[in-house]
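Novice: Given next are the chains, with one letter for each unit.
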Amino acid sequence: MTDVSGQLGQKGQVHVNSERQHWLSVLARCTLHDLQHHWNELTKSEADLSNLPYRFLRKAETGLVMVRGRAGGDGQQFNLGEVSVTRCTVCLDSDHIGYAYIRGRDHKKAELVAVLDALLQTNRWSQKIRDTFVAPLASAQQKTRQNRKSQIATSKVDFFTMVRGEDA
Amino acid sequence: MYVAVKGGEKAIKNAHRLLAEKRRGPKEIPELSIAQIKEQLSLSVSRVMAEGSLFDEDLAALAIKQARGDLIEAIFLIRAYRTTLPRLAYSLPIRTDKMTVERRVSATYKDLPGGQILGPTFDYTHRLLDFDLMETDDDTPSEKETPDTQGSQTENDFQASETDMPRVLGGLLNNEGLIQAEKLPENEDDHPVGDLTREPLEFPVDRDQRLQNLARGDEGFILSLGYSTQRGYARNHAFVGEIRLGTVAIEIQPPELGFTIDIGDLEITECETVNQFQGSKTEPPQFTRGYGLVFGQNERKAISMALVDRALRAKEMGEEIVAPAQDEEFVMSHSDNIQATGFVEHIKLPHYVDFQAELGLVRRMREEQQDNHTQTQQAAE
Chain L
1 MTDVSGQLGQ KGQVHVNSER QHWLSVLARC TLHDLQHHWN ELTKSEADLS NLPYRFLRKA
61 ETGLVMVRGR AGGDGQQFNL GEVSVTRCTV CLDSDHIGYA YIRGRDHKKA ELVAVLDALL
121 QTNRWSQKIR DTFVAPLASA QQKTRQNRKS QIATSKVDFF TMVRGEDA
Chain X
1001 MYVAVKGGEK AIKNAHRLLA EKRRGPKEIP ELSIAQIKEQ LSLSVSRVMA EGSLFDEDLA
1061 ALAIKQARGD LIEAIFLIRA YRTTLPRLAY SLPIRTDKMT VERRVSATYK DLPGGQILGP
1121 TFDYTHRLLD FDLMETDDDT PSEKETPDTQ GSQTENDFQA SETDMPRVLG GLLNNEGLIQ
1181 AEKLPENEDD HPVGDLTREP LEFPVDRDQR LQNLARGDEG FILSLGYSTQ RGYARNHAFV
1241 GEIRLGTVAI EIQPPELGFT IDIGDLEITE CETVNQFQGS KTEPPQFTRG YGLVFGQNER
1301 KAISMALVDR ALRAKEMGEE IVAPAQDEEF VMSHSDNIQA TGFVEHIKLP HYVDFQAELG
1361 LVRRMREEQQ DNHTQTQQAA E
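Residue numbers (my numbering), protein chains in the order written: chain L, 1 to 168; chain X, 1001 to 1381.
Be a bit skeptical, because a hint or two may be false.
As the list claims (entries may be wrong) - Partner residues aside, some chain X positions facing chain L, computed with beta carbon under 10 Å:
hint : residue
1    : 1121
2    : 1194
3    : 1208
4    : 1356
If you're looking for bench data, these hints aren't it; they were derived computationally from the structure. We treat Cβ as the ideally placed atom computed from N, Cα and C, and that holds for glycine.
All chains, please: the whole structure from these sequences, using the hints.
Specialist: In structure tokens, the structure reads:
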């Protein structure tokens, strides 16, 4: 989804960011229900997480993002309209800071995404959460997109122009 | 002059109770859910989001429910709500070339790289009422209506081509230099993008403000203006180069993160028109362009917007301004249905003092006229 450009100088940094961009993008597209379901599954086996201590650097708050377009798709920028967005920032005891920016007004989802973003930066939880959260959710999203593409593909047409009259 | 009135609290309260009852309708009929409106009246939701200028399907559905299906009232509710929220960021320009396409057609090229995909459209329906929908027990498309894939393109074919779906105007026509390229301001980062929600409208305006105004403008008004350009009020014979419907990612760059993140998807309809242009002393004859971009699924609005955008570029193209659709002040000052309805409908509210003043004035004028008449008569006698 995201166009990962190497806008930050250091190579390693770009790599970390592109991974982080990926998980943030996947998490932002999940429903609260899916996130909670996976979280509950995870906390069943990992007792440490069920009472994970963290503090808010910014409690979940809803605001607006002004969406921009370009004339002709690639020309002058203009402001198209706004979209509701919720953001949240949490900090773990290990000082890892997790951010969430998600479309919509779901505070619980934003909080959970921020916590996951923080955990995904820790050595202890990173792999576990990639395997149990990010990978399956990403592949589910991919599957949904593919299914929709296949459905849409059935309406692909080939128009042909009829030659009329004697000229044929 | 408008003078406020006092009183009427009890009557107002009761009127609002009556309104609430009317909204709900008979108790024996099940109440509409937000999910039902969102999923089954999705084109109403699209319109409320576009003209409310806030993409949030749940809020739009709620507004439609509360407004008893009056879409302009619903748009009003959305506009009022958005003023209560802080602005967190501006997005990066959306990449419509990277759209996950639900529909993509061109009226100018039959054979397109990536193909023509009809998607969920009313086009080619017979516009006959479907009386099966009168029954609510089971209106899901039946077995025989499952996709007929016989003889059509195979899935693989589509998926292979879908990765390569170039823009019709920017990609195909531009290769031959037959169409004007979209201009980018120099030093784009330093060039502020006009925002009508922040700065009051002052004429003349640039194309960015016009496009923002049209994107949130009233569908009916923009439609009629677009139609007027086709009927000859602004000579702009237009073809639809391309229409796209689908979802695009919204990307922002929060300062605290310092890199771009993707925060979810947005449904969008895009239309590009191709218009004739005679050319000038300095430029060879070439096609010009109009652009329409609207939240949700709304092709009628996107096409109309592209027609009006092109008409409003008259000055830039050195065309004579002769028609309403070319007059930016006329178009932009009247396109907003919340402003329009506010001013039109406010004349039903109490204007007793106003009117008393006018009544007094008319009586006095009549008396004066009567006096003059009597005096003239007396003088004549």
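Novice: Next, verify each hint and record whether it holds.
Specialist: Hint check results:
no., hint, verdict
1, 1121, "holds (8 Å)"
2, 1194, "holds (7 Å)"
3, 1208, "holds (4 Å)"
4, 1356, "violated (43 Å)"
Hint 4 from the earlier list is the only one contradicted by this structure; the remaining hints agree with it.
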